[in-house]
Structures are given as C-alpha cells and as structure tokens.
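Asks: Sequence:
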Amino acid sequence: MEQAVIVYLLLNDGQFGTSKERASILALEDRLEQVVGNASVGEFDGDEFGDGKCILYMYGPDA
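For the sequence shown, this note's numbering begins at 1 and goes up steadily by one.
For the record, the hints were derived by calculation from the structure and aren't laboratory data. Since the structure is predicted, the reported quantities are computational estimates derived from the model, not experimental observations. From the three backbone atoms N, C-alpha and C, an ideal C-beta is built for every residue, glycine too. Misleading hints may appear alongside valid ones.
Ranges of calculated distance between the beta carbons of each label pair, as one might list FRET restraints [unchecked claim]: (1) LEU28 / ASP51: 29 to 37 Å; (2) ASP62 / ASP30: 20 to 28 Å; (3) ASP13 / ASN38: 13 to 21 Å; (4) SER19 / ASP62: 30 to 38 Å.
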C-alpha cells in the first residue's frame, strides 16, 4: 500500500505564482526527485499549479 506526502505552497499572485516562484519550485522539484529517487523511498510524482497555490505530490511505501 502506497502512502502520500502532499505539499501545499501558497503563491503570491493568486494564480500561478511569479516567474521567480515558479523557478524556485522547479529547482525544488528537481532536488526532491533526486533525493527521493537516490534514497529509494518512493517517487516524486509532479506538481499542480493554480488558484494561488502549487501542490507537490510524492508517494512511497512509508510516508
């Protein structure tokens, strides 16, 4: 059975965030994908932007 870690990040502009925010989040995603993958603890499954927030999804056997 997989468990989830879901991260909610509030963005400044009320929609998709500023270009600086998006760049920072994409860098964070790259790092999360590396760390989670290298530790063999699950997977980083992606993001969802909109309505003033970004949601990051990660899954594994023991969240």
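Asks: Hint by hint, say whether it matches the structure.
Replies: Hints, one by one, checked against the model:
Judged by the Cβ atoms, the range 29 to 37 Å given for LEU28 and ASP51 is violated: they are separated by roughly 19 Å. Taken as a hint, the range 20 to 28 Å holds for the pair ASP62 and ASP30, whose Cβ atoms sit roughly 23 Å apart. Our hint of 13 to 21 Å for ASP13 and ASN38 is violated, since their Cβ atoms are close to 33 Å apart. For SER19 paired with ASP62, a C-beta distance near 36 Å keeps the hint of 30 to 38 Å intact.
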